[in-house]
Amino acid sequence: MQGIYFDNNATTRVDEAVVEVMLPYFTEQFGNPSSMHSFGNKVGLAIKKARMQVQELLGAELDSEVIFTSCGTESDSTAILSALKAQPERKEIITTNVEHPAILTLCSWLEKDGYKVHYLKVDGKGRLDLSEYKKLLTDQVAVVSVMWANNETGTFFPVVEMAEMAHAVGAMFHTDAVQAVGKVPMNLKDTMIDMLSVSGHKLHAPKGIGVLYLKRGTRFRPLLRGGHQERGRRAGTENSTSIVGLGKAAEMAMEAMTFENTEVARLRNKLEAGILAKVPRAFVTGDPSNRLPNTSNIAFEFIEGEAILLLLNKFGIAASSGSACTSGSLEPSHVMRAMGIPYTAAHGTVRFSLSRYSTEAEVERVIQVVPEIIAQLRKLSPYWDGDAPKAEPEKAFAPTYA
Amino acid sequence: MWDYSEKVKEHFFQPRNAGVLEGANGVGDVGSISCGDALRLMLKVEPDTDVILAANFQTFGCGSAIASSSALTEMVIGKTLDEALKVSNQDIADYLDGLPPEKMHCSVMGREALQAAVANYRGEVWSDDHEEGALVCKCFAIDAVLIEDTIRANNLTTVQDVTNYTKAGGGCSSCHEGIEEILVKVMVERGETFKPSAAAQEQEEAKPAGMTNLQRIRKIEAVLDAVRPQLKRDGGDIELVDVEGKTIYVNMKGACSGCQMEALTLQGIQQKLMDELKEFIKIVPTKAGALSRASCHP
Ligand SMILES: Cc1ncc(COP(=O)(O)O)c(C=O)c1O
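Those protein sequences? They're chains A and H, same order as listed. Everything in the first sequence is counted per numbering that gives the first Met the number 0, starting at 0 for the first residue and increasing by one. Everything in the second sequence is counted per numbering that gives the first Met the number 0, starting at 0 for the first residue and increasing by one.
These are calculated hints, taken from the structure and not from any lab test. Check each hint, because a few of them may be wrong.
What the hints assert, rightly or not - Here are some of the chain A residues that sit facing chain H, going by a computed Cβ distance under 7 Å:
(1) Met256
(2) Ala306
(3) Leu309
(4) Ser380
(5) Pro381
(6) Glu391
(7) Glu393
(8) Pro398
(9) Thr399
As the list claims (entries may be wrong) - Subject to a maximum C-alpha distance of 25 Å in a straight line, what follows is the list of computed SDA-like cross-link-like pairs (lysine to any residue):
(10) A:Lys313 / H:Arg15
(11) A:Lys133 / A:Arg218
(12) H:Lys184 / A:His333
(13) A:Lys120 / A:Phe155
(14) A:Lys111 / H:Glu180
(15) A:Lys378 / H:Gln13
(16) A:Lys378 / H:Arg15
(17) H:Lys6 / A:Gln367
(18) A:Lys206 / H:Asp2
(19) A:Lys313 / H:Asp2
(20) H:Lys281 / H:Ala198
(21) H:Lys194 / A:Tyr114
(22) H:Lys8 / A:Gln367
(23) A:Lys389 / H:Asp28
(24) A:Lys313 / H:Asp96
(25) A:Lys378 / H:Glu238
(26) H:Lys277 / H:Glu238
(27) H:Lys166 / H:Met74
(28) A:Lys394 / H:Glu180
Quick caveat: nothing in here was measured; it's all calculated off a predicted structure. We put the beta carbon where it would ideally sit given N, CA and C, even for glycine.
Please model the entire structure based on the sequences and the hints provided.
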């Protein structure tokens, strides 16, 4: 398909080389790795190799710390539920109010079961206040779950430091690193992070494969019980093709790590600067000095994100938005609200997320198209007058709200 | 991506009557706080005839908000104010060949802007009485506020009750967890606990004031007679078997019994009966109908 795909935080294209290593495991190597015969044996060896490739990417001490799951969401649920089951005397959870729904929806459900969940706030740039965190850390806390990088803005949280603080009160530490793995060098063996979630489809592996990193010695209670797969920690016949694919993708991500942080970052910066230079009343959300190299989240004031996406799509450009209307909920993104971004800007946020396949020409094309689209929509906006916002736009247009 | 109709896309990509209307004499500014969309509708009304000569809009909103604003202006130009006020949300959605359930609030906003603009023209103050909640039932576009209000007003206790009163949960049923949560919350407020196994509400009062049993049954028969020609055209029929309090037993015959459409047909007839009788009733196909259903496979 022709087109410019700048929505790599939503999902990525599976690399051709990844597909190639996977293919034999659908047909010739279809065996069950648990079987005694040679059909299964080879598959078992391939999974072992993939496990080591992932271990390498994460900087884990042992390959047995890598548990394959069905997705990032499963890894998140497994980690939190395990921590609660393993420490029944602790009834509190600390997380942040900008986590992915994989964490937030689970936490609000756990609240109904009587768990106390503390949601750390963020400032206008999406940063945490570690002194607030420190005050909440008590021997009542079973688990702290804080994302490594935010999926909407790319902003990093200081998870390595926060894991140390959690350990000081005997709490377990989990991080949803779904957006960070493959873009941020990791050395988990040197950290106190107990559990970490990975999702294959964010790093050019297929959808529906994930990893839960579980540091050796961390008390664990499986989510799925049954067969002895994954050493009894995640029952169910292995998704061997996808596991092999994820292994290859992990190896390739390792090789591309420098490229992601130099070349992809350069393209992202060029895109961002190019758009901001041409579009008035637009600003970057999150913390531009401390974020993923591929992500740029820009708020365009006084227009709405879904309308922007529909017009971008007409030009063959794919991005995503924190607008309420794109999700089917009525609220704009919880991340934008947590940062205190006003409605008139939060609805107009657009996330551009690049990958190592993004090109200079694509970036230039987007820089050319975006200002036209924004101007076109602002012509329709009641807050806008010709080429500029009305003087005091919020007063010039103050609708009766239902 | 939303599954927008061609008509919605067309009105979004080429909006009609967009921008400021010079000489407007009726302006309505409304927004939906929950979803953040907002709309300004400007009308130019001919004072002698009350006919809308021109209508323009400006919208801060998503694709369907822009499309429904555009559609609204097209629909009201040339109408008198009173005619224009008859345009309903559904009319706007129909004009656009339908909107996804999540997007129906966009057409609601259009209608409210119209009311506000007309009130502004007439020198009245328009106030909004419509509150909107998170969408719970996607099949019938029913939101949490409506469900909560209905549970409160009628002391409902089961998901089935909620479906009977609001239709919410009557489609694919994946929102039943959400409905239960609302029930739990409202029932706690009245000091009760939600029991998933409780039976749906049986209202004791069998006949509403002012109608004898005979009148009631005649009314029911009249409603059934009215739908018969259509059923017969499709090779089916319906017969009244018995009336027991709030339950009306019917016999479905021929092509309508057992077919995929039966549930839908019954639901439609039930709705008509409720409208006519102004009370809550339940329509139940009898055993005979159930038996013939077993032998009828599409
Ligand atoms: C931060 C974060 N966590 C979790 C997930 C969920 O991952 P998956 O789709 O593999 O369940 C995503 C992906 O959308 C994500 O961005």
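Here's how the hints hold up against the structure:
1. Met256: violated (32 Å)
2. Ala306: holds (5 Å)
3. Leu309: Cβ of Leu309 (chain A) sits 5 Å from chain H, so the hint holds.
4. Ser380: Holds - the Cβ of Ser380 (chain A) comes within 7 Å of chain H, reaching about 5 Å at its closest.
5. Pro381: Since chain H brings a Cβ to about 4 Å from Pro381 (chain A), closer than 7 Å, the hint holds.
6. Glu391: Because about 15 Å separates Glu391 (chain A) from the closest Cβ in chain H, which is outside the 7 Å limit, the hint is violated.
7. Glu393: Where the cut-off is 7 Å and the nearest Cβ of chain H is about 11 Å from Glu393 (chain A), the hint is violated.
8. Pro398: holds (4 Å)
9. Thr399: This hint holds: Thr399 (chain A) lies near chain H, its Cβ roughly 5 Å from the closest one there, short of 7 Å.
10. A:Lys313 / H:Arg15: holds (19 Å)
11. A:Lys133 / A:Arg218: holds (23 Å)
12. H:Lys184 / A:His333: Holds, at roughly 23 Å.
13. A:Lys120 / A:Phe155: At roughly 14 Å apart (the allowed maximum being 25 Å), Phe155 (chain A) and Lys120 (chain A) satisfy the hint.
14. A:Lys111 / H:Glu180: OK: Lys111 (chain A) and Glu180 (chain H) at ~10 Å, within 25 Å.
15. A:Lys378 / H:Gln13: Roughly 13 Å separates the two Cα atoms, so the pair holds.
16. A:Lys378 / H:Arg15: Roughly 13 Å separates the two Cα atoms, so the pair holds.
17. H:Lys6 / A:Gln367: Violated - the C-alpha atoms of Gln367 (chain A) and Lys6 (chain H) are around 28 Å apart, more than 25 Å.
18. A:Lys206 / H:Asp2: Within the cut-off at roughly 23 Å; holds.
19. A:Lys313 / H:Asp2: holds (15 Å)
20. H:Lys281 / H:Ala198: The hint holds at about 14 Å.
21. H:Lys194 / A:Tyr114: holds (23 Å)
22. H:Lys8 / A:Gln367: holds (23 Å)
23. A:Lys389 / H:Asp28: holds (16 Å)
24. A:Lys313 / H:Asp96: Between Lys313 (chain A) and Asp96 (chain H) the Cα gap is close to 21 Å, so the pair holds against 25 Å.
25. A:Lys378 / H:Glu238: violated (60 Å)
26. H:Lys277 / H:Glu238: holds (21 Å)
27. H:Lys166 / H:Met74: Not satisfied, since the Cα-Cα distance of roughly 29 Å exceeds 25 Å.
28. A:Lys394 / H:Glu180: With Cα atoms ~39 Å apart, Lys394 (chain A) and Glu180 (chain H) exceed 25 Å; violated.
Comparing the model with each numbered hint stated earlier shows that hints 1, 6, 7, 17, 25, 27 and 28 do not hold.
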